[in-house]
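Undergrad: Single-letter residue listing:
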Amino acid sequence: MSQKERRPRRRRRLVVALAGITGLAVLAACSGSSSSGGSGSSSTSISGTSAADTYNSGTPKQGGSLTWTIEKTMDNWNLLSADGNTFDYGQIINALTPSTFIFNPSYSVTMNSDLLVSATETSTSPQTVVYKIQPNAVWSDGTEINADDFVYNWEVQNGSNANIAAASTTGYQNIESVTGSDNGKTVTTVYKTPFSDWKSLFTTMYPAHIAKEHGDNLASFNWFQTNPLPVSGGPFVVSSVSSDHTSVILTSNPKYYGKKPYLDKVTFRAITDSSQEPTALQNKEVDGIYPQPQTNLVTQLKNMGSTIRYQIDAGLGFEHIDFNLKNAALGNATWGNALRTAMFTATDRNAILNKTIKQFQSSAVPLNSRMLVPGQTGYQDNVTKYGLGEGNASSAESILTKAGFKNVGAGKGGLEAPDGTKIPTFQMKYTVGNQIRLDTCTLFAAEMANLGITVAVSPTSNLGATLSQSSGYSYDIVDFAWVNTPFPASANQPLYSTGGGGNYGGYSNKNVDAWLAAATETSNQSTQITNLNQADAQISKDAYTLPLYQKPTLIAFYPNLVNVRDNVTSMGPTYNIGQWGMS
Amino acid sequence: MHDLPSENTQTTGNLTPSAGQIEREFTVKARTQTQLVVRRFLQHKLAVVSVFVLVAIVLLAFVGGALWHYSYTDITPDNSVSPSARHPFGTDNLGYDEFARVMRGTQRSLEIAFTVAILATIVGTVWGAIAGYYRGIADSAMMRFVDLVLTIPIIAAGALLGHHFQSAGWWALALVIAGLSWPAVSRIVRGQTLSLREKEYVEAARALGAKDSRIIFRHILPNVIGQVIVVVTILVALAILTESSLSYLGFGVQAPDTSLGTLIASAQTALQGGQWWLFYFPGIMIILICLSVNFIGDGLRDAFDPSQQRVRA
Amino acid sequence: MLAFAVRRLLVSIPVFILSTFLVFLLVTWGADPLAQLKAKNPPPSQAVIDAMSNTLYINHSLLERYWHWFSQLFFHGNWGPSVQSGTDIGQLLRTSLTLTARLVILAMILAVILAIIAGVISATRQYSKTDYSITLIGFLFLSLPVFWFAILLKQLVVNMNNSLNWYWISTYGANTPGLTGWSAFSDAAGHLVLPTIVLAMSSYASWSRFQRASMLDVLGSDYMRLARAKGLSRRRVMVRHGLRTALIPLTTQVALDTAAILGGAVLTESVFGWQGMGTMLVNAINAGDFNAVLAWLTVAAIIVILFNLIADLLYGVLDPRIRNA
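Chains as they are written, first to last, in UniProt numbering: chain A, 1 to 583; chain B, 1 to 313; chain C, 1 to 325.
The shape of chain A in the complex, shown without the other chains (with noise of 0.2 Å):
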């Protein structure tokens, strides 16, 4: 046992010990610097395009399984509840439950053949719609879907008992009465308000059979939420969740009613975590990601190359700066709206765009409507047309001087008002961990310093409470997003009109009370257009809202998946999960 005999060989282990470590650095360094694109892959956003219903579209083969991301772990099977109504769970819900219309990646909204033989409008005074349902539609134990589904439905969204919490009463509760005929396979709808966007209702429905082993209304609408769906009306069924609910896997309805699936089997994965995603993507754990983008993440998925195939397009949700007119400075009767206008005119929103989304989305642009993306029907510039967000200084500072208010410009001692009232400091707020908003809010503070006028940016952890201030006045100025649906005229009643449920800032205008309440009850789509873009142009004209851009929404998946496409409507990418197959 020679002492002079082991030393050498220690030391080479320390050697290797070492480069192990050192290794992990250029490894690890090196793994960013390649820059090809991968084959099929482009942040150009084909959304709201007709190109968009028929991306990575083909006749994939018969059988195969894949497994998909969702961001959260399904603690929540009931859609239709609040507590339930998450992205996320749609995307599981989707594959398991009949809907009478489907809304496509081009915005359309179509009508389920599988499932309906036809949905018309039969009578506009009371507005009437009936629907006819295809006599082979069942449920996955073979009980028919009929009317039965369609009353519970209705009775458990139309807000009738307090107790349910609903995510939604919108439309629902504008129905009179829902009735069956023909043995529950025709379904009368009598509507006792208009309501334009009835093909919004009667989406992911629940199985009213299963409802009835399960108690009354409020019971089984609970029962619905803790319990795996125990039938299917979709093209899979639930075949297993894990015990912690971080994975879910479904196989093929062998009952469905429309073209049998493709897939043998579909594995829900929970990354709760979205800068893992890629990570596992790449190390092949999952299939398919649906992440919200961001530099570094989609710098990743182009380093893969041409491995996986991405698509980045503008999504429906977009960021907004939104002013709280209940303070006294932003809400001045007098000189708040020069004020509002000189700082929305100030506003660069490209430069917003250059730091942020357009670092992995050359081709963003802001958004100049806050009622329709660009892709929908009636869209129109209604910002910059008022001189809001493109960050003209000189201009902005001319409306202020205009205006009589004084010190104008950096380094002045501050903006005071005309009436020789300080403008105060600001509190701008954005969610907390939200990077780009971060920067968003940090770039804007800086442009609003050009005026003299401080603004101080800072997170909250709880964006519900800071909007609706429940415990309290909290913000002065807020970044934060919209989701736009196929269904304009409904979705943003209640953001703009006085007292409305989402008009957080306290904006108050008749007109545009009227405009946005004629847009909803119209069936007529032009009258609907003209309304909201009135109510859209007076709003900027009152520099309440400035909208930015539109959210990117991000697919990435092995190339090897057929039909797998991005959908950024609240259906989302398993819109048409029974085509999705492989190649």
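Derived from the structure by calculation, the hints contain no laboratory data.
On a predicted model such as this, the values are computed, not experimentally measured, just so you know.
There may be inaccurate statements among the hints.
[What the hints assert, rightly or not] From the structure, some residues in chain B lie toward chain C, with a derived Cβ separation under 10 Å:
| no. | residue |
| --- | --- |
| 1 | L46 |
| 2 | D147 |
| 3 | I154 |
| 4 | A157 |
| 5 | G158 |
| 6 | H163 |
| 7 | T242 |
| 8 | L271 |
| 9 | I286 |
| 10 | I287 |
| 11 | I289 |
[To be verified] Cβ pair distances, simulated, as ranges:
| no. | chain 1 | residue 1 | chain 2 | residue 2 | range |
| --- | --- | --- | --- | --- | --- |
| 12 | C | T55 | A | T401 | 54 to 64 Å |
| 13 | B | V51 | A | G420 | 52 to 62 Å |
| 14 | B | P256 | A | K259 | 47 to 57 Å |
| 15 | A | N227 | C | V48 | 18 to 28 Å |
| 16 | B | A85 | A | G58 | 45 to 55 Å |
| 17 | A | S395 | B | V49 | 57 to 67 Å |
| 18 | C | S183 | A | S160 | 48 to 58 Å |
| 19 | B | V49 | C | V15 | 40 to 50 Å |
Note that the Cβ used here is the ideal one computed from N, Cα and C, for glycine as well.
Chains B and C: place on chain A using the hints.
TA: Relative to the frame of chain A, chains B and C by itself:
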């Protein structure tokens, strides 16, 4: 053998001002003792190098920001550029100069770490000294409380309170971490006090009619300083790592304020996305601080307690 | 020995009860269980908030609330309602604990073995190059932010997997759903690799330092010199006399470090999407889930107290001086 450490650190001259004759006698002896400690510390080369590294980092953090040509709030026109002469640590996608951000983050992290170290040391030392000096019921009660606090994982309680006091700023975070880390100090000080209070010079002081508070603060505490200084170094490293961990989980320092942990948390994906500079530099800064602090602690331990040197088996 | 064990166990009970009270105070102070409800949009009516307060028993005095919680838990085995939808705290605890235990136990075994090897080598070769490099690596791991190291390691492994085109080591979660038999076992092992290494490394660093110090202590003692003088072989002295004695302090230290290991698990789980205690805690805090955080901290306290007890008992078993006293 077990008494060695306390004998070696019996007095540390400049901290015990000479009041009476007895004390002066000790002071003379103590000066050589201090010199011994310093000389032993200087023998620990890594510890000496670490002192220079740490001083350099502290200067960089507290003075560097003022001298650098970008402020941490400046949005430069260079988005996501890799390190260059102009931006030695590169920039992020907004155009922030990462070097300025790292200096600022280091400053915040060090502020938290020093606050934690000072608070936890003061509370822990006083708590431990009182418990050890009075023994009996006071000791049991005080040390059981310490046991209780130690049953709570620091990250868990830190996350809970950090989440709740998020809006209060960095000092709230420092208070939380300090509130959870002082018990470790108090245990060590109590152990030392228990043996010190039996020493002849303490009995002599007591016989001369010195009050308890005087004995504790004049005679006992100065003599546990060796151990305490070593603990302080561990506390600094621990506080830096705890702060960065809590910030990573989203319960620590919040943007727009920044710390080393916050910088890494926001650069989690940067490594995968190719912006390696955003991930490595703040991480390396944490490692540098903790490494040098740990080495200094090691050097101090060797200097105060040479019993583990030169062992031949 | 048995009497000693029973006495220590009895002392632990009041400590545990006091500890639950401290934890209760901490959570009442640090979590608002109504925050999420109030944040709902549109805001819920006062009646809904009142009903929720009633369910959560929060409209009572602190002591009443504590007693209610304590009696529910210890007399009825009920952890209380959760504010996270679809969550049963008892069940969540069981699944989380099982997963975390798998990770923590493996990591502890790995860390202890590595620490003993490194500590012994370091101590027997004090001031050699080997000692310096082991010390250096130990200090490096002591100074590494756990999550930073984890992210780095993960990216490295993914790159390795891609170049080898072999995907055994996974980066997210504890298993791939839907596997059975051998493939399920192999898959679970593949998921364990990275989190185990990361968690083990954070403990390894301090334990190897600790083992080195206690080994040096023993090596310097008189009985070691005596054993050598008796003519026993170096190896025999090392293992029979040196290592055995030097392991006693490490055993205690490992048991005492449980709280820190649980803390390390929170971070490790967060990086690797491990749905154990760490994930449970982070979710519960973010949701303001009073009862879930309370449950977490209570279980943590039980584990820590239990391990402290084990440390005491082990000390008695391993060290004859205490056993005979």
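Undergrad: Please go over all the hints and tell whether each is borne out by the structure.
TA: Evaluated hints:
Interface restraint check: L46 (chain B) against chain C, minimum CB-CB distance 8 Å, threshold 10 Å, status holds. A cut of 10 Å between beta carbons decides the hint on D147 (chain B): the least distance to chain C is about 6 Å, and the hint holds. Below 10 Å, beta-carbon pairs count as interface contacts, and I154 (chain B) has one with chain C at about 6 Å; its hint therefore holds. The interface hint given for A157 (chain B) is met, as the beta carbon of that residue sits about 6 Å from the closest beta carbon of chain C, less than 10 Å.
With 10 Å as the threshold, the beta carbon of G158 (chain B) comes within range of chain C, its nearest partner Cβ sitting at about 9 Å, so the hint holds. Interface restraint check for H163 (chain B): the shortest CB-CB distance to chain C comes to about 5 Å, inside 10 Å, so the restraint holds. Annotation: T242 (chain B) was flagged as interfacial toward chain C, and the flag holds, the nearest CB pair being 9 Å apart, inside 10 Å. At about 6 Å, the closest approach between the beta carbon of L271 (chain B) and any beta carbon in chain C falls short of 10 Å, and the interface hint on this residue holds.
Residue-level restraint check for I286 (chain B) holds (minimum Cβ-Cβ distance to chain C is 5 Å; threshold 10 Å). Because the smallest distance between the Cβ of I287 (chain B) and any Cβ of chain C comes to about 5 Å, under 10 Å, the interface hint for this residue holds. For I289 (chain B), the interface hint holds, since its Cβ comes within 10 Å of a Cβ in chain C; the closest pair sits about 8 Å apart. Between T55 (chain C) and T401 (chain A) the beta carbons are some 58 Å apart, a value that agrees with the proposed interval 54 to 64 Å.
Checked against the given bound of 52 to 62 Å, the beta carbons of V51 (chain B) and G420 (chain A), roughly 58 Å apart, stay inside it. Here the CB-CB span from P256 (chain B) to K259 (chain A) is close to 53 Å, well matched to the stated 47 to 57 Å. For the pair N227 (chain A) and V48 (chain C), the supplied restraint of 18 to 28 Å holds, since their beta-carbon distance comes to about 23 Å. Judged by the Cβ atoms, the range 45 to 55 Å given for A85 (chain B) and G58 (chain A) holds: they are separated by roughly 51 Å.
Taken as a hint, the range 57 to 67 Å holds for the pair S395 (chain A) and V49 (chain B), whose Cβ atoms sit roughly 59 Å apart. Hint check: S183 (chain C) to S160 (chain A), Cβ distance near 51 Å, so the stated range 48 to 58 Å holds. Against the hinted window of 40 to 50 Å, the Cβ-Cβ separation of V49 (chain B) and V15 (chain C) comes to about 44 Å, which satisfies the hint.
Of the numbered hints given earlier, the model fails none.
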